[in-house]
Amino acid sequence: MSLRREIISAALLAFIFCMPQPSPLNAEETLKLVEFNKTFKFEDIEARDAKVSPLIKEGEIAGLKLETGNSIQWPGITIKPSSGKAWNLSEYKKITMTVKNTSSVPAFLAWRIDNEGGDGDKNGITLRHQFAPGEQKTFELPLNKLGLELDSEVKFIGMHGTPFCDALDASAITCFIIFSKTPEQKHSFEITSIQAEKADKINKMKAADFFPFIDRYGQYRHSEWLGKIHSDEDMKKAALAESEDLKKNPPSPEFDEYGAWKNGPQLKSTGFFRTEKYNGKWYIVAPNGHLFWSHGVDGVRSGSGTTPITDRKNYFSDLPTEGPLMQFYGKHHWAPRGYYKDVPKPFETYNFTAANLYRKYGDNWKEQFDKLAVERLKSWQMNTIGNWSDADICAMRKIPYVRSIGYTHPVIEGSNGIWGKFPDPFHPDFRKNLAEGLKTEASSAKDPFCMGYFIDNELGWNHNTTQLGLAVLNSPSKQPARQAAINKLKEIYPKLEDLNKAWNCKFDSWDKLSLDANAKLNEKMRADLEELTSLIANEYFKVCREESKKAAPDILYLGCRFASSNNAAVKAAAKYCDIVSYNIYQLSVADFKLPENLDKPVIIGEFHFGALDRGMLHTGLVPVKDQKERAEAYANYINGALKNPALVGAHWFLFGSQATSGRGDGENYQVGLVDLCDTPYSETIEAVRNTGRKMYQTRSE
1415 MSLRREIISA ALLAFIFCMP QPSPLNAEET LKLVEFNKTF KFEDIEARDA
1465 KVSPLIKEGE IAGLKLETGN SIQWPGITIK PSSGKAWNLS EYKKITMTVK
1515 NTSSVPAFLA WRIDNEGGDG DKNGITLRHQ FAPGEQKTFE LPLNKLGLEL
1565 DSEVKFIGMH GTPFCDALDA SAITCFIIFS KTPEQKHSFE ITSIQAEKAD
1615 KINKMKAADF FPFIDRYGQY RHSEWLGKIH SDEDMKKAAL AESEDLKKNP
1665 PSPEFDEYGA WKNGPQLKST GFFRTEKYNG KWYIVAPNGH LFWSHGVDGV
1715 RSGSGTTPIT DRKNYFSDLP TEGPLMQFYG KHHWAPRGYY KDVPKPFETY
1765 NFTAANLYRK YGDNWKEQFD KLAVERLKSW QMNTIGNWSD ADICAMRKIP
1815 YVRSIGYTHP VIEGSNGIWG KFPDPFHPDF RKNLAEGLKT EASSAKDPFC
1865 MGYFIDNELG WNHNTTQLGL AVLNSPSKQP ARQAAINKLK EIYPKLEDLN
1915 KAWNCKFDSW DKLSLDANAK LNEKMRADLE ELTSLIANEY FKVCREESKK
1965 AAPDILYLGC RFASSNNAAV KAAAKYCDIV SYNIYQLSVA DFKLPENLDK
2015 PVIIGEFHFG ALDRGMLHTG LVPVKDQKER AEAYANYING ALKNPALVGA
2065 HWFLFGSQAT SGRGDGENYQ VGLVDLCDTP YSETIEAVRN TGRKMYQTRS
2115 E
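Position 403 of the sequence shown, counting from 1, maps to 1817 under the numbering used here, and the rest follow consecutively.
Worth flagging that the hints you see were computed from the coordinates, not collected in a lab.
C-beta atoms are modelled at their ideal positions from N, C-alpha and C, and glycine is treated no differently.
Be careful, since some hints might not be right.
Straight-line Cα separation of at most 20 Å, PhoX-like style, residue types lysine-lysine; simulated pairs [to be verified]: (1) K1956 - K1934; (2) K1963 - K2042; (3) K1642 - K2042; (4) K1508 - K1612; (5) K1727 - K1695; (6) K1934 - K1595; (7) K1682 - K1661; (8) K1452 - K1465; (9) K1471 - K1446.
Ranges between beta-carbon positions, derived for each pair [stated by the list, open to error]: (10) D1968 - S1923: 46 to 52 Å; (11) S1602 - T1453: 30 to 36 Å; (12) R1811 - E1762: 33 to 39 Å; (13) E1554 - M1619: 24 to 30 Å; (14) M1740 - Y1692: 38 to 44 Å; (15) N1693 - L1660: 16 to 22 Å; (16) T1510 - S1891: 19 to 25 Å; (17) R2103 - W1833: 50 to 56 Å; (18) L1935 - R1811: 38 to 44 Å; (19) S1657 - K1780: 38 to 44 Å; (20) K1691 - S1496: 53 to 59 Å.
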């Protein structure tokens, strides 16, 4: 059974919804799928570089202890039904598994739920989480989130979260696979519960009546929720209500013109943003010398509701055929994964966000949106316009902002990643193209309101320090990064026979040197591959810093926003970045630390939480129960970040919720501060305001 792929899409990794199947009789309210007790046969669990044993509490078996090794790529276990028959969970609304990381270090764990023939690509679903030391989490897989059953099967394209999904047959679950991914050290976990909860009442509908399921505003048609828009008049009423709310909540008197701490300590003024450690905590320092903590939001723009319509116009009701709303049709090329990756480009799109803004504000909707965005952020006690935001809003110079440098780069052919292959920093076009990309930011390069530049996003560093080194060696012989790697190995081993002896290999030339991605590595091979990863990382960050500072010497270089990372990559980032950046999608960053006691400021480029109680079909990467819990999660995350001495800011992803029917890569997350109809999520906004108002007091405690 192969575990060769961790990722199909962010949706499969985080939170997936499945189509209901015929119901079994007499389903219990809660069904223990795996009951850890004295009759459970721990010895029957299939283990791969892993050990299992009973978890004993108060003299009783209370769960399973799992210890994973680090000698193979996917250490873990497989648990099958004790009855020998597949689990039939078609009348249950969700499956849950409670896990605790008992390691003293962060640890990745994934839970794969399979049908017959599941292989990590098909016939199953994978959830994953990066656990903090000591963190306990309950994985949750909804099986029937809408309580809706159609009379025939339907298929969906271009959406991570769908009303239904055929990725898993809930009536025939054959096994659970629990595993880590390329760990650099051994980890330990406790699993205390694997169970299913019964579904609520199921409503039946004809499949023919289901389509179209997206209304004229881009909303899901077949359910109601608080704040759903039913008419243009509803939108205008919402605009008036928000106008009153903004008047009642002016910007904090604690903030100066940059959103820095007006009445806090006065440090050296340089005219631009910089960093300094003050009273044992890292801060950004505003151009005027006031302490600054970056409380921001990404994607402040009017395009988050853009969705492909090619090959699926039957999804949408009342798409315009004439009049001013026609202007929001478009042609797009961006689709790095999912259905539209393989569709001929460009494909046709419709921007529901912009269309709704037109309905709400009229012909000058763009000017109104830009002006209102600034007013909103100030009222919400935010002081940073984050990544992926509209340049026109940044250029208003009302709120500090960051910019993302766009450029095309040559790639390391043997590499991979969620968003594509890894850049080759040794290729001459890498530096040249980056320099050209930086030229497009000439206006921000001398702007005191520009806090910093991100270059790249969520590159495929991999958690394992050896993987990028392997990728380089498995690239074509003319690959500049491979040539640099071979030269490095020649420094370590002047003769090829010396390398062969150390690696226990039989290469007859340097040109033929390569390793299988799943090869078992001896100690010397591992050390050398880590050296190659470090070589690539240092060259990458070195070139990025040099070109960034050449183009904009006063603007902070903020790194590449790690999603996956390893010690070699982080050490190189700490050496060259002004601030090291991470996108961390988990419940808290209060205990976050850089590896090896590195002492550098860190900024969170992305985090979010989402729920399914306001009409959206996917929660995003960190699911919560409802909007109340979402607000609580926001406050917990920001307050934890404020109390962490290394963190100098955190930016929420995203300003506006994504299209219900998905963007180019299929993401359709309930992660906005405002919805598709430009209505703020009031519970979350209240949490944003409350944490923002107190943030400098919280930081200084």
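Hint by hint, here is what the structure shows:
1. K1956 - K1934: Not satisfied, since the Cα-Cα distance of roughly 32 Å exceeds 20 Å.
2. K1963 - K2042: violated (44 Å)
3. K1642 - K2042: Given that 20 Å is the threshold and the Cα spacing comes to 17 Å, the pair holds.
4. K1508 - K1612: Given that 20 Å is the threshold and the Cα spacing comes to 7 Å, the pair holds.
5. K1727 - K1695: violated (53 Å)
6. K1934 - K1595: This hinted pair holds, its Cα atoms lying about 14 Å apart.
7. K1682 - K1661: violated (35 Å)
8. K1452 - K1465: The given pair, whose Cα atoms are some 18 Å apart, holds under the 20 Å limit.
9. K1471 - K1446: Answer holds: K1471 to K1446 is near 19 Å, not above 20 Å.
10. D1968 - S1923: 46 to 52 Å: Holds - the Cβ-Cβ distance for D1968 and S1923, about 49 Å, lies within 46 to 52 Å.
11. S1602 - T1453: 30 to 36 Å: violated (24 Å)
12. R1811 - E1762: 33 to 39 Å: holds (36 Å)
13. E1554 - M1619: 24 to 30 Å: holds (25 Å)
14. M1740 - Y1692: 38 to 44 Å: Between M1740 and Y1692, where Cβ atoms are some 54 Å apart, the hint is violated.
15. N1693 - L1660: 16 to 22 Å: violated (34 Å)
16. T1510 - S1891: 19 to 25 Å: violated (50 Å)
17. R2103 - W1833: 50 to 56 Å: Violated, since R2103 and W1833 (Cβ atoms, about 33 Å apart) do not stay within the stated range.
18. L1935 - R1811: 38 to 44 Å: 52 Å Cβ-Cβ, so the 38 to 44 Å window is violated.
19. S1657 - K1780: 38 to 44 Å: violated (18 Å)
20. K1691 - S1496: 53 to 59 Å: holds (56 Å)
Hint violations for this structure: numbers 1, 2, 5, 7, 11, 14, 15, 16, 17, 18 and 19, all remaining hints satisfied.
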